[in-house]
Every structure is written in C-alpha cells, then in structure tokens.
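Trainee: Using the hints, put the two standalone chains together into the complex.
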Amino acid sequence: MKGIIFSVKRYAIHDGPGIRVTFFMKGCPLSCWWCHNPEGRSYEPSTVEQIDRIGEKEFRKKEIVGKFYDTKDILAILEKERIFINQSKGGVTFSGGEPMIQFDFLLEVMQSCKENGFHTAMDTSGYSTSESFNKILPLTDLFLFDIKHLDNLKHKEFTGVPNELILNNFNLIVESGNDYMVRIPIVPGFNDDPDHISRLKNFILGEKHENLKMINLLPFHKIGSSKYKKFNIPYKMGNVEEPSTQKMKELKAFFSGYGVRVKIGG
Amino acid sequence: MVQISKKTPDQFIHKALDIIRTGFGQPSCFNTDAIIQELLRQGKSLVDARNGGCSGCVETGAFGTESYWLTGYFNLPKVFELTINNGYDTLTQEQVGLKTGYASDYKSFKDLMDAFRHQLRYLVDIKIRGNNIIEKTFANYLPVPFLSLLVEDCIVNGKDYNSGGARYNTTYIQGVGLGSITDMLTSVKYHVYDKKNYTWDEVIKALNCDFDGFEQMQYDMIFSSPKYGNDDDYADQNAVVVFEIFYDAVNGRADSRGGVHRINMLPTTSHVYFGSVLGATPDGRKAHLPLSEGISPFQGVDRQGPTSVIKSASKIDHLRTGGTLLNQKFSPQFFEDEDSYDHLTALIRSYFSLDGHHIQFNVVNAETLKDAQKHPELYRDLIVRVAGYSDYFNDLGEDLQNEIIRRTEHEIV
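The listed protein sequences correspond, in order, to chains X and D. Counting in the working numbering, the first sequence runs without a single skipped number right up to 266 at its last residue. Counting in the working numbering, the second sequence runs without a single skipped number right up to 413 at its last residue.
Bound conformation, chain D alone (with noise of 0.2 Å):
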C-alpha cells in the first residue's frame, strides 16, 4: 500500500503506477488526509493519529496507541431479503428477523426503508450482544502480554490490551454489499414504487423462480434501471441513505472493552459468501451469485467511467468510517497511452480531494475478457482501448474481441 496525502509528489504516484501497471493489484492507494481526519473524529489526539495509518484491507487505526478489533461482517443486502420476507428467511426456513411486513405490504419506498431500518437495527443489537460475548470471553482467556508491552497505556492502566488496557479501543462492523444493495433499493424504487412497472408480487414471484421464466424483467432491472456508479443522484441517494442507517445502528454503541463501536465499508472476500447465502435480489442478480465488493458498483453496471463512480463513491461520508474500499478495473492497453499517468494521477487527487479513503486500480487479463465473452451482462462497464480509439468490449465484433483478447494474452508488462 501507499499513502498519499495533498503534500505527496506526482512523482511518487508515478512510481506506484509502475507497478500497479504490472497487474499485480497492488500497491493500493490510501489517503492519509482522509485517515488523519477519520481518527480525529474518532477522539484521538493529532499526535496519535498522524501515527496512525490502515491495516489488513483498509481499516484505520491509531498504530501503537489503539486496540480495534474487526468483529465481523455485516450483509446488507440480507437484511432486504429479510424486510420484504417478514423477517423470514427462505433459505434456512428460520424466522431471524423482525416481523415488519411482507413487500406488498410496503405502500410507499418510505415504508419500505423504515422496515428495512428497524430490521438492520434488530440485527445490529444481535450483533453487538454476540460481539461483547466474544469479546469478553477474549478478555478472560486469552491475554497477550507482549503485545500490551508494545501498546501504549497497557502497562499504565494495569490491563491487558485484550481488556481494554490500549488508549484507544475500537470494535468495527463492516458493512458489505453497498453497491448491490443500493441497485436493488433503486430498481425497486424505480420499476415498482415510481414507474409502475411491476408490482410487488411479480418481483417477488420472479425472484423466488430465479427469474427462470421471468428474463424480460430480470433484463429490465439490469439494463433498465438507474445504478449506482454512475453519478446519477436517483440510485446514489439510497447508498447515503443505507449508509447512514447502518452508521446510525452501528456508531457510538458500547462495547465490552470501554471503547465503542465504529463502520467501515469493506468485505475482504465475505461479498461471495454473503451472496451465496441469497436469493435473487431486484437489482436482477441470480441467486447465490456475489455481491458487490467494498463500496464499488456491482459488476459491470457502472457505464459512465472512472470519474462517476468516484463521484458516486464519494457521496457517503467516509470520514465517519474507518475504512472504506474502492476498487477499479482497466485494460492494460490503457497504460499505453503517455499521458496514463497523469490522468490516473488526477483521478486519485480528484477522489482524495473528495475525502475518498482507499482506491485500488486491477489491471484485466485475457481470462477476464474470456469471461466477459460468456457474461456480457457482467462486463457492461469494461472499456477497451486499440490504436488510439476507445470502446466498450461487448459493443466490438466478436472476431475484433477475439482480436483483443490475443493483444491482452501478449501483452508485455
């Protein structure tokens, strides 16, 4: 990883991007204007958080000074699947939330939300509770005397670092799934409650078939629906309001150890568990197939560039978290270009000026435009560059695909 902050030289950015370039994934880019910020809201002193820094994905921290501990991760979208099932889940047959309704009982998006929000409020107190058994069972049985050496205030509190000894102590959930959970809200939002197109109980017939005979609706809700990644306020509006639903349960709340509970947005590879354990989702998503990762669009729905889904992913206020995740994906011909570089270098400064915490740039291989051969419908963001000229791959021949996928395969990096 590397750290940029306003002060950082072009020509450091310059170097990461040699490497990036390579299709590595990494280094991954953070900023540390962002990260200072998020740990003085926190409480930490200046001196604390200019020490600090991120971790294991993108998870901010007070190094030397602070205990914060990743409890888990949190599965947005589920908690939709619940909302408009009564609480009922129809994958283990368990009534595990709330009962708030079933969808058609929703008359306005306003119902819908205010059941979604006391059905994530639920399942956060269950969290929490399990959260502080572990904790506390941590706490009795598992002390780690040297590390409480090599944290500050262990030793002058008399308390081990897996007690609540640290100065800081920090207990986050992570939120996964934003983007997917925004485009099922929206396309909701969207072809039932504003449009009309469908009512609730033809979504939910065709979400319980797996569309399986449903496809012109499923299409519909792909192709025909406003997403989020595009800059476009309609669908952006529901990842601030989820975002700030999920803060508002989260943030603040006690933990076993003295300090307090925190968000931040990222999935490590939680987002392909999550989604194997849900159903079809309204944003026309299969069953059991991935949720979007981190706080970038669902794949392949993002049709605007790089700079709409910065200006979406901005939106949510990431200095109220601690740590979000962005990824981004580019075909290697896009390096090519002499000017790459600075272009790229203006849309990190771009995304940190507008308090982006983390940006991750991958770089696409042949198997990936193999794969987007197969699924066209996952690949609508992918834009490939040949000889001076842009396009986005599903739009080519499939002989000029073919085209460059042996380009990509020779590569030189």
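So that you can see chain X by itself, here it is in the shape it has in the complex (with noise of 0.2 Å):
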C-alpha cells in the first residue's frame, strides 16, 4: 500500500519529544483560513514552478507537491534518523494535511512504526470517524491534536466543517489513558478573546486531564503567506495582524497557573 506525502522533515524538533522525523500525508478535509501549509490540502499530487535564484537570475522548474511512499520507503528513512531518535528519545510524527484521511496506509505504516521500535505520534485535527480514532489508538504513542474553538459556527465559517466530532474524538483520547497535547492556534479576532479562551481552558482541563503532556500555543503568522501565492490559493488573512509577544505571554502565564506544561510554537 502507498501513500502520499508531500513533505518529509528530517531533524523535525517541534513535533513531539526528541528529534523527530516528520512525514506530512497529502490531503485535509479542513480549510482553515490560517493553514500554513496549504498546498497539503488536495488530495491528488500537484506541479507548482519551483523559482531558484544564482545571485539575481531566476531559474523555473516544475516541481511534484506530493509523492507516493510504501511503508518501506517510511522504515528506510526512520532507519537513517534512528541513532539520533534513539539518542533523544524521539521517534516518527505523521502530520499534514490530515493524516486520518490516508487511514488504512496510516494504520499499516504505523503498525511496522511501533513492531521496529519507533515512538509514534499523529498530528491531527481530530476530523474523522470516531471508529477510526479507536483504531490507532493502540498504534499512537502520543497525539498532537488540534483544538481551534469551542463554538461550531465559527468552526465551520474559518475551518470548513463542524467541530462536534473533532470534541468527540478529543474527549475519546482523554479517555482513553493515551499522551496527548493539545495545540491551539492563536489567531486574533478568532479565538483570543478572552471569553474563549477561559472556556478552551475549562474544556481541557476539565475532570480529566492526567495524560495531557503540554498545551502548544501556536501563534498565527503571515510567513505562510508566500505559499498561497506560490500554490495560487486566495488567502483571507491579509488583514489579520499576527499576535504580539507580550499577548502570546500573557495566554502562556494564563494557562501555566493550571498547573500544565505549556510552549509558545511546537
């Protein structure tokens, strides 16, 4: 079985303890007006014009978004990373995109993860079955989930799709004894007020919360902007300006005083 994958990020550290190899899997059913990494949202490979610069003159050339990889392929590269993953207690983090869409190659990559000895993570918006979530569960050491915010209409006016399942799934892990973290992206006029940001707080840490290893508080930023114009996307978030330090510090004292462990970026 393969897979599609449009990026693979050796020396990967903000995605999970240690140093990580990352695999971003093709293809999103979310849309959010945010997302930096946009060209992850289709489904099938793409061809964008890769620009490359000698001094001031510009080369083009054609390049392949997106590439197919059998989980031998996966094992082959985690193989080359392993004296560093090893030496700090790292491992394999897939990412996106989503990668609950490609759910049966994910389900087989990551069984051959976990019998070679690999720490497994999932990066994931929590949009998918709840019967799937229960199926990686066994398989995913640890997952960095995503929570945008609580309200379903704003979800679905910034993100695309309702957030009742991605609540489900998010309360199925906490119950189910897994690690996780919870990664909020901060982005002004969406989600910072301080209104909801106290409900996040009573969301995730309400009755249950001993396995939740960190909150990252992802700040929103504009450098994904570049890609939008490079992929040809419309991007809505020209006006939006990115949150200050002094505001990414405030939120991070806010959610400290709960006792959890928490990062400014990943």
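One should not assume that every hint holds.
Simulated crosslink set (SDA-like; lysine to any residue; CA at most 25 Å straight-line) [what the hints assert, rightly or not]:
#1 K329/D with N394/D
#2 K230/X with G300/D
#3 K72/X with Y234/D
#4 K57/X with G300/D
#5 K370/D with E58/X
#6 K62/X with N232/X
#7 K370/D with I51/X
#8 K135/X with F103/X
#9 K213/X with K263/X
#10 K213/X with Q87/X
#11 K370/D with F59/X
No lab work stands behind these hints, which were simulated from the structure alone. Values in this document were obtained by computation on a predicted structure and should not be read as measured data.
Mentor: In structure tokens, the structure reads:
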C-alpha cells in the first residue's frame, strides 16, 4: 500500500519529544484560513513552479508536490535517523494535511513503526470517524491534537467543517489513557478573546487531563502567505495581525497557572 | 574548546551551549573517545594517548611526548582540475601534474578516478619530498633546546625536538576541500556518466567560460545534482573514495625525523586561498570562489538539516585521521526553544558515537542573512525559526526575510 506525502522533515524538533522525522501527509478535509501548509489540502499530487535564484538570475522548474511512499520507504528513512532518535528519545510524527484521511495506509505504517521500536506521534485535526480513532489508538504513543474553536458556527466559518466530531474524538482520546498534547492556534479576532480562552481552559483541563503532556500555543503568522501565492490559493488573512509577543506570554502564563506545561510554538 | 566523552554529563554540554549561543564561535566540541582511539591507532601507549588531546585547530597529539607538525595544506579539488586537463595548470600555464589525459579521454567514471588517484599520488610524492627538505632544515639549523627539555625522551635520546628526539614523531598533511571535491565528482558522475545530460566537451567549455552563457548548466550542477551533506550515498561514497585515496597516498610514509606522515582534514583559512587558484568547477562553483571548509558540506548545499550532515560526515573513517573539522550553522532564534539544548546535546552525542572527531556551531548574524538575500544559491541550507515554525530562508517572501533580519539584529544574547 502506498501513501501520498508532500514533505519529509528530518531533524523535526517541534512535533513531539526529541529529534523526530515528520511525514506530512497530503489531503485535508479542513480549509483553515490561517493554514501554513495549504499545499497539503488537496488529495492529489500537484505541480507547482519552483523558482530558484543564483544571484539575481531566476530559474524556474516544475516541481511535483506529493509523492508516493510505501511502508518500506518510510522505515528506510527512519532507519537513517535511528541514532538521533534513540539518543534524543524522539520518534516519528505523522502530520499533514490530515493523516487520518489516508487511514488504511496510516494504520499499516504506524503498525510497522511500532514493530520496529519507534515512538509514534500523530498531529491531527481530530476530524475523522470515532471508529477510525479507536482503531489507531493502540498504535499512537502521542497525539498532537488541534483545538481551534469551541463554537460550532465559528469553527465551520473559519475551517470549513463543524466541530462536534472533533470534540467527541478529543474526549475519546482523553478517556483512552493515551498521551496527548493540545495545540491551539492563536488567531487574533477568531479565538483569542478572554471569554473563549477561558472556555478553552475549562474544556481542556476539565475533569480528566492527567495524560495531557503539554499545551502548545501556536501564534498565527504570515510566513505561510508566500506559499498561497506560490500555490495560487486565495489568502484571506491579509488584514489579520500576528499576535504580539506580550499577548503570547500572557496566554502562556494563563494556562501555566493551572499546572500544565505550556510552550509557545511546537 | 571542550572535550566531551561518553562519560561527560549533559549539564557540562549545556554550559558550553550557553557560550556557543552567543555567536562567539566557541567553544568547539571535541570527542575524547575518538581522540584516544586515533592516538592508539598511531601507536601511542594508552597512558600517552589519554594525556593527549587536540591543539591548534583540531589536530590530535600526545601532549608532552610527541612532536607533531602540520606541514601544509593539500588542495584536493586542484588535483581534480589537473586530472581533467592532462596535468596542465591553466592558471599558471605550467605542466605541474602527470599527463594522465584530458576529461573526454575518461570513458568511465572509474577511468576518471584512476587518473585522479595517479595525479594525487604524484603530487603527494612531491609534497613529501618537500616536507623532508624543510624538516632537515629545521633539524640542522633550528634546534629548540628549551622545548626539548619539556618533551619526553629528547633528553634520553640525546636528540633535539626538531631532529626526532621526541617519543613520537608525526608529520601531518591536511586535506582541504572534501565537500567541494565530492560535489565535483558527484556532479560529473551524475550529469556526464550516468544521466548523460552533458558531454565532457560541453562541461569543459562551460568551465572555461566560467559558466557565462552556460547558466542553465550551472543551475543543474547546483540545484539538480546529489550533494555531499544530505546523507545520500550517491554523493557521499565519493567522499569516502577521495578520503581513502588521500589516506593511502600519505599515511605511514616515512618523514625525515624517524616518524611517519598522517592525514587530517582541516583547512584553517586555506580553503579561501585554494579556491582563489582554481577555475570554475563542475559543482557549479564560479572561478576563484572559496572551497568547502574542513569536512563540512559546500556552503548551502545541505538541504536535509543537521542530522543528515552528521551522517554524511561520519561516513569517512575519522579514527584513521589526526583530526577533522565540521562546522554547523544555526540562526539565533533556534536557541530560544526551551528544548534546544537537549536537541543539540543529542546531536553532539550522536555524532560522537559515530566516531566524529569535532563539531562546531556557528550562530548566524544579521549580516549573514543580508548576504543570503544577495546570494540565495549559497544559503539553500539556511533555516530560520519564527514563532513556533521553521522554514528555509530562501522560501520566504522578501518582506518576511526583512522582518527576520530586523529581529536578528535586535537579538539580545
């Protein structure tokens, strides 16, 4: 079985503990306005024009985004990095896109990673069936679970999908006893008002959170905007300011106050 | 410098990183376990090996018992240039090498490498003959009696330090430009022999024109060739082949003091000079520009991050050298992450468990980033981190690049 992956990152240090390899899997059912990997949305390989420069001179070439890998290919890459993974207590992370979209492939490859002794993490929007999450639970050492907004309407407006399924799956992971981190994009004007932040805190740190390893506050940034141009996707965030360092520090202090480890960034 | 062995606690490395992150370029990190194995292989006793270490740049020696000399740098890419020009140096217009043939005479990559081996051996022979003359001059006219009092066995042997009086005598020749020569050979193997994208005649013509009018070829050689530093065996195997050829030509050959020649791989600053006396090369480098330094990849060609650089650099056998030098650069924001010390510690320990000899971390400053805007092809490896997200500097829009330059200028260290 083959999966389609649009980027492989060695020395990935923001996607779970230690030094990891992150595989960015193509295809996502969400279309978040602030997405910094918009090339990961479509399910098929796409061709873009890559522009390289030598001094002032530009060179253009066609580049395919999204290549097919089978489980053997994934393990070969991990073997190359094993010394660093072992030394740093790192592992492998599947990100995207939304990795659960390629569920059958993900199941097979995570099974193999486990069998070969790699710590497995999955960076997910949570938007998949509960049945699928139940199947993948035993193979996932750590979930990096995105929570974007608690209001269904707002969620639908800014991500394209409602949030019931996501919140249900989150509860399922909390109940399962697996380790997880929560990742919250901080997007000014969308989810950063004090009332919503307070509700987020109540939701995440509700009755049960002993397996919550960390909260990652991911400040919205415009670095991804150059990709929108490159991939010819309309960019809706032109007027939104990046959150200030001060604001991020305040939010970190707020969540830290409840005894959970908080990090700005991944 | 700091020496790190498998027994060194993480806290010590973290303290070293406190200083490294200031961008001072120091301390550099040395692998104690490798140094001792290098010295033992050279025939030192365990006690003398354990009393040894590194001095100068990265060169290994048994302190207090050894007279180890660095006798000059050896321009590996120049050997390649002579190999494709029938031993003729186009810069000085002199026949300095063997007449092994012209580029298009080499029908296979193996033919090319055989000729390269003969050229290199011939030039090392000249080098060793020269070394012996210089060493005899030192022995005859430059005695160092005070130093001879301090270095073991000079008194017992009744011989000056400069005449082979020390317990151990080593003459090092430093190979320079490993990354560059590897990329040159790899590019030729890829584009001429394997893929047949270009003929030798076309390549030679482009090199003679310094790529003027051959920009597409230069682009292909830079951007569409496998490169040393990416944990890609297609390229890295050529580093190993060059290393072994150089090692075989030098290692164990007698010097004039009763000792032997050994290799190490360090450039000091000679990679700049050696580049200045070299024309354009098939790795896409324009004439007279600097070569790669130490065993680091050529500037900007490592595109897979530091773990891949470490993997590539550890494919040569460091334990048969008297020192190698590996430089890595990071943007200052990299150190802001609270786990960055743990990651860097793991990197150092991994490299050292692969028998790497030395690694040094340089922190990029705003001037470097401005240069990267002007010469993006030399900074394809440069990753910057802003607010929980990292990307290649080259892939950012200009306004964002400027933003990162401003932030770097204001970085308080």
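Trainee: Hints first: check each against the structure and report whether it holds.
Mentor: Structure-based check of each hint:
1. K329/D with N394/D: At roughly 16 Å apart (the allowed maximum being 25 Å), N394/D and K329/D satisfy the hint.
2. K230/X with G300/D: 23 Å, holds
3. K72/X with Y234/D: 20 Å, holds
4. K57/X with G300/D: Within the cut-off at roughly 17 Å; holds.
5. K370/D with E58/X: Holds. K370/D to E58/X sits at ~18 Å (cutoff 25 Å).
6. K62/X with N232/X: 14 Å, holds
7. K370/D with I51/X: Status holds; Cα separation ~19 Å.
8. K135/X with F103/X: Holds, because 10 Å separates the two Cα atoms, which is no more than 25 Å.
9. K213/X with K263/X: Distance of about 11 Å is within 25 Å: holds.
10. K213/X with Q87/X: 21 Å, holds
11. K370/D with F59/X: Holds, because 21 Å separates the two Cα atoms, which is no more than 25 Å.
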